[in-house]
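> Those sequence lines, one after another, are chains A and B.
So the first sequence is numbered by the numbering used here: it starts at 6 and just counts up by one.
So the second sequence is numbered by the numbering used here: it starts at 370 and just counts up by one.
Hints may contain errors.
For each label pair, taking beta carbons as the anchor points, the in silico distance ranges come out as [said to hold, decoys possible]:
| # | chain 1 | residue 1 | chain 2 | residue 2 | range |
| --- | --- | --- | --- | --- | --- |
| 1 | A | D156 | B | M382 | 34 to 44 Å |
| 2 | A | N30 | B | K373 | 53 to 63 Å |
| 3 | B | E402 | A | R245 | 39 to 49 Å |
| 4 | B | M382 | A | Q304 | 28 to 38 Å |
| 5 | B | A380 | A | R245 | 58 to 68 Å |
| 6 | A | M82 | B | E385 | 35 to 45 Å |
With the C-beta cut set under 7 Å, the calculated list includes, among others, these residues of chain B facing chain A [stated by the list, open to error]:
| # | residue |
| --- | --- |
| 7 | L381 |
| 8 | W407 |
| 9 | Q538 |
| 10 | S539 |
| 11 | L541 |
| 12 | H548 |
| 13 | L554 |
| 14 | A556 |
| 15 | N557 |
| 16 | G559 |
| 17 | V560 |
| 18 | A564 |
| 19 | R565 |
Hints in this document: simulated from the structure, not taken from any laboratory.
For every residue, glycine included, the Cβ atom is placed at its ideal position computed from N, Cα and C.
Listed here are the chains, written in short residue letters.
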Amino acid sequence: MLNLRTLVISLIWLAFSFCAHAQDNRSATDWLDRMSRASRELDYFGVFSYEHGASNQTLRVIHVVRDGLEYERLMHMDGEPHEIIRKGHPADCIHSGARLMRSDSRQIRRNLAERFGADYQELQSYYQIALAGEERVAGRRAVKIILRANDDYRNSYVLSIDANSGLLLRSLMHDNQGRILERFQFSIIAAGVPIEAEMLEAETANPIIVTNHHPEPGVQPEQPTGQRMIDLVDFQWLPRGFIAVEPIEPSYESITFSDGLAVFSVYLERVSLEMGDVDGWAQQGGTMALARRLAPPLQEVVFTVVGELPLLTIERVSASARVVLPNQAEGVLSETPATQQ
Amino acid sequence: MSEKQAESLSALMDNEANELELHRLLSQSQDSELRARWSRYHIARSAMRNDVSSFSHIDISAAISEAVDSESTVGKKPWVRAIGSMAVAASVTLAIMVGVRVYNTQLSDGADVMAAAQDRPAVQGVELPAITLQQGETFASYGTDQARPDPRNNQPVVRVVRRHSPYAQSRLQDFMSQHAEQATLNANLGVIPYARVNDDRVQQ
Chain A
6 MLNLRTLVIS LIWLAFSFCA HAQDNRSATD WLDRMSRASR ELDYFGVFSY EHGASNQTLR
66 VIHVVRDGLE YERLMHMDGE PHEIIRKGHP ADCIHSGARL MRSDSRQIRR NLAERFGADY
126 QELQSYYQIA LAGEERVAGR RAVKIILRAN DDYRNSYVLS IDANSGLLLR SLMHDNQGRI
186 LERFQFSIIA AGVPIEAEML EAETANPIIV TNHHPEPGVQ PEQPTGQRMI DLVDFQWLPR
246 GFIAVEPIEP SYESITFSDG LAVFSVYLER VSLEMGDVDG WAQQGGTMAL ARRLAPPLQE
306 VVFTVVGELP LLTIERVSAS ARVVLPNQAE GVLSETPATQ Q
Chain B
370 MSEKQAESLS ALMDNEANEL ELHRLLSQSQ DSELRARWSR YHIARSAMRN DVSSFSHIDI
430 SAAISEAVDS ESTVGKKPWV RAIGSMAVAA SVTLAIMVGV RVYNTQLSDG ADVMAAAQDR
490 PAVQGVELPA ITLQQGETFA SYGTDQARPD PRNNQPVVRV VRRHSPYAQS RLQDFMSQHA
550 EQATLNANLG VIPYARVNDD RVQQ
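Looking at chain A on its own, in the form it has when it is part of the complex (with noise of 0.2 Å):
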């Protein structure tokens, strides 16, 4: 009799904490890989703040996959009406960065791994990742994750991700003294429901559209003929856990670099000495960025480092990157790089 009372019991006990293991098993980096994807691959729409320093601005977003390309409407709610549309990214084509948060990236950070030696690790090496309970945003239940930065390059994130769906419904990203750099957050959000297509199309007169995308996907863009001066460069150093990834549409010269949650482009274009001094910093929210002449002969070359990193971090990736030139003669800054002499 006795046993029999233990094991129903037991067996309660094991029901239970199963169904509470069941509801709670998805760690920190599972949730990221969940994030990931439902912000490409969900039907959306809802309204958020963002807001750094003394601004805030109230925008509308709108995020939908039609025949597995990704529309996107932005608009903005306060101020001159601007809208931005984002037109047709095949919603599997997941960049190189966008794939570092992803559980299923062992390939790719094999691979990343092999190119850049046995420097390149996981997410987790360069940020301590952890679930930090739950909260409310937006109405909704929502998981609360903090990635520390593991060192003074990159900032500290606090997500808050949706339980329901895995949308990103807030996002604190703080510099490494713990000083709040930018705040997003949504306060109206609905995901799974029907979008009508007019929702997509835009209301105001000149809407900013980007397309800027390989057409098809696995396609690279075309690269501008002749030899680009950004392959010239060479970066003696780089923010550990950062890589390159693929290019887009280029009007300017540039690559990119991510580490999977922050990312920063360098730039590079000819500005005559006449335009005058351009040399300086910049920083609006989280965003940092630095622009310098190259030391002669390349005074006419402008360098700019813009990313969401710690002006430290921008500094040294901006003195570090060298131009090595094939061919040190003056010439090799003509107009058009292909027809140097």
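Given chain A's structure and the hints, the job is docking chain B onto it.
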């Protein structure tokens, strides 16, 4: 006289001693060497402050002590003193516990640190309207004589040196919006990269 005492005494002279140090010094003030040094420091300090008096070398502490002893100790029953000292001991313990708690919290739980940080104002300079690109102003220092921020504490020194050229500004706007597209594709933060791009910045 220990080195620690000397340090505490020195700190006290500079008005930098904490309460514990002060208490320690007072409790050890029967030490003649300590008293002699204390007196010397005092004279030196007074001299430096130009208020040295011709009486400063006279030690009146014995006389004061005697006078205090001879006063009646109304209300200072032994048990009151005992409770008083216990209360002090207890509060010191509490202070130590609180200290350890805060320390542990900071080490173990990033959330608390970050939550605490939320209450702090953002980077000082960021509050200034001059650094928002929206208004077409210089939002950072541009130029050779600019005040560079100290990268070590990542505290931007927003000292506007001059307006940077419209050319430089429009380039920066371009770069930031191109960067936003790359950030959208290469970080999994959904719409955030484009939210960072100020509308005026994208508009050509």
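> Against each hint, give a clear statement of whether it holds in the structure.
Hints, verified against the model:
1. D156(A) with M382(B): 34 to 44 Å: For M382(B) against D156(A), whose Cβ atoms are near 42 Å apart, the range 34 to 44 Å holds.
2. N30(A) with K373(B): 53 to 63 Å: 54 Å, holds
3. E402(B) with R245(A): 39 to 49 Å: 56 Å, violated
4. M382(B) with Q304(A): 28 to 38 Å: At 57 Å between Cβs, range violated.
5. A380(B) with R245(A): 58 to 68 Å: Violated: the Cβ-Cβ distance is about 42 Å, outside 58 to 68 Å.
6. M82(A) with E385(B): 35 to 45 Å: 54 Å, violated
7. L381: Violated. Min distance 32 Å.
8. W407: Hint violated; W407(B) Cβ to chain A Cβ min 40 Å, cut 7 Å.
9. Q538: 9 Å, violated
10. S539: 11 Å, violated
11. L541: Check passed: Cβ of L541(B) comes within 6 Å of chain A, closer than 7 Å.
12. H548: 4 Å, holds
13. L554: 4 Å, holds
14. A556: Interface hint status for A556(B): holds (5 Å vs cutoff 7 Å).
15. N557: 4 Å, holds
16. G559: 4 Å, holds
17. V560: 5 Å, holds
18. A564: 4 Å, holds
19. R565: For R565(B), the interface hint holds, since the closest Cβ of chain A sits about 6 Å away, which is under 7 Å.
Checked against the numbered hints given earlier, this structure breaks hints 3, 4, 5, 6, 7, 8, 9 and 10; the rest are met.
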